[in-house]
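S.K.: If you want the building blocks of each chain, they are given just below.
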Amino acid sequence: MTDLRNARMSRVQFFRMMGGLAVAAAATACSTRPDTAATTGGPSATTELKFVGVADQKAPMDSLLAAYQQAKPSVRINASFAPTDQVQTSVRTQLGAGNSPDLHVVYPGSGSAMSMTQIGQAGLLADLSAQPWTRTIPAGFKPAFQLDGKTYIYSAGSSVIGAIYNKKAFEKAKVAAPPTTWTEFLAVCDKLKKAGITPIALGAQTPWVTQLITYALVPSTVYAKDPTFDDKQSAGQATFAGSGWRQAMEMYLELQKRGFFNDKPNGTTFEQQISMVATGKAAMAIQVSAVLPDFRKAASAADDLSMFPVPGADDAASVWIPAGVVVGLGASAKGKNVEEAKAFIDFLGKQESINAWAKAIAAIPLTQDASSTIDPAVESFLPFTKDRAVPFMDQRWPNAEVQPVHFAVVQELLAGKATIDEALKKMDEAYQK
Amino acid sequence: MTPTTTATSRPAATRRPGRRRSFSITTPSWLFAAPALLVYALVVLYPAISGVFYAFTDWSGIGEDMSFVGLANFRTLLGDEQAMGSIGNTLLLTLAIVAVQNGIGLLLALGVHAKLRSRALLRVIFFAPVVVSPVMVAFLWKYIYNPDPSAGLNGLLGLDVNWLGDPSVALWSVAGMVVWQYAGYSMVIFLAGLEGVPKELHEAAMIDGAGTFQRFRYVTWPLLAPALTINMMLSTIGGLKLFDQIFATTNGGPGYATETLSTVLYKQAFVFGKFGYSTAIALVLALFVAAVSLVQVYYLRSREVTA
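Line by line, the protein sequences are chains A and B. The numbering of the first sequence is the numbering used here, which starts it at 1405 and goes up by one. The numbering of the second sequence is the numbering used here, which starts it at 118 and goes up by one.
These are calculated hints, taken from the structure and not from any lab test. Treat the hints loosely; a few may be bogus.
[Unchecked claim] Below, computed lysine to any residue pairings styled on SDA-like, alpha-carbon distance capped at 25 Å:
1) B:Lys259 to B:Glu198
2) A:Lys1837 to B:Ile204
3) B:Lys358 to A:Gly1500
Could you put together the complete structure from these sequences and hints?
M.R.: Here you go:
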């Protein structure tokens, strides 16, 4: 057997060998098919569009992509989905590097780094204003969809924040009906606790979950008293510290003080929160209706779960609810296939697409016709949507810093490491940046 | 016949004019490194130098709007309560990781250096976590750190600790997770150092009447100095720029309890949309890591001895 270590090689042999390896490597590299190249023209040619969405969008997109494929076989859409943090990082990086996907997730309003306002201002979103569906956007939702009068985001409708509850747990504690005032809500929690059931599951280790209780209460403690609060805050005439935000934080902590949350909420994740309510170990979770399908999947029967508005006031007529535009998508203005990407959004804007999307995530459709369905679990919110509902608070915040500060201060409050004064001061400072 | 000369190189005068130096496959030219250097320059150096440029701008990370803002980002950093707080967390975390990881790594190395039957298997077991992705380790430890008294580490030890949810515990929980993963890495480096300690020195010390501890203190420990230098430097750098494990477990929380410079700069870039400010923090972090590493190497090298 040849001893390789002692083998001798001439310079010519060495370079021949290296040259051969280099040619082989180059040939291999050149034979790799580019994965997102658009190939249009010719009878069998297809245009490939790349879509990067957030995980919540997978269910509706899967069915709508299949429908679009049938309607327009010449266009193929490669879709990928990732959780919020990851998608924000990857899409922003692609946007910054100038190779953004043709279609990508966009958050309504202005309070996120991936929001319609921030990306639209950078000139990276295609104008969708000419599409017919944009003319039906309700006036109250326009700030979430539009920048300087132009529409840059598609969204299928709105979701609400309320209490997802386990009917069996309520029955076990002999709670006859969901509460309609704050006092009743506290009484129900007390009844559940006495029945050995955790009244409210809170997965505050997952940052975005921390905000939902304040979001559920603030419409009643702030906007019911002053519907123009956002405008005043924007003009510097109102602050978090000097508003009903303080009352909402006090109510949040009252729930903790009375022992209505699960043990160690800061160490509990969103997934654990789902499991607790789905299995009846906990009775409620204050959540956004878009995640109701996740709770249903974890429950033994989907009908075990329903929702009701969290009553943030003692007068039922003063209870307001948060109803925000659900996360949507936009077309890249800098992509190679802008028109094809816009055509897909136009397809999503058709009433049957809106209905299908809204149904998949238990949302209230943006526009409704005879074939529109509304999930029975959110029907109790419908009386509020006309004149006692406000968009999710962050959709009107001026920068992307306020929301993460809100997450952090709620965790600090729950851990007893901050006071409400300190928390609201930090939020005001972030708002003013 | 006994050779009268042992010279093997040909005298220069006998070389034919114009003939180049003979080629040796074992000492290749620096040119062979050119492809790798080119890739390194494109993938590492170019972005790093670009980062220095962006640190003096107000770029949001997207779009083309960008202005030169001089030292404004660095002045903001000095007044940034969150960033300054994260420096304290970063230093505490690094100190804990450096001390415990290297302590455990040394003990493991001494253990598997002994004449045990199962030492090869033990070495593999202790090193195994190193090859797992840090994010996978973080997800695994999220289950281990379950706050339920009957689950995970709490259930195993009969404790009731809110590992990742209590601000006064979370930082140390993260440190524990990192130590679990990388103690095996320190072990391997110490093990290499231990293999290099000559047996003769131990034999001589034994003849002089030295016990086990004295042999470790006066023979093994001084000769492990090079391994210690490498371990200290690597664990310090790793601790100062720790990101993945924090991002996947606490995301800097609860509140700001586990926020480090790396998580702050990530959030500034990708959550707050302040790419210019974020690169300024990254630049300060890089300079800080380089300075700490240089001082550390300089100090530790000065106490190294050779057998």
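S.K.: Decide, hint by hint, whether the structure agrees.
M.R.: Okay, the hints, checked on the actual structure:
no.: 1; hint: B:Lys259 to B:Glu198; verdict: 28 Å, violated
no.: 2; hint: A:Lys1837 to B:Ile204; verdict: 22 Å, holds
no.: 3; hint: B:Lys358 to A:Gly1500; verdict: 23 Å, holds
Hint check: a violation occurs at hint 1 only; the rest are consistent with the structure.
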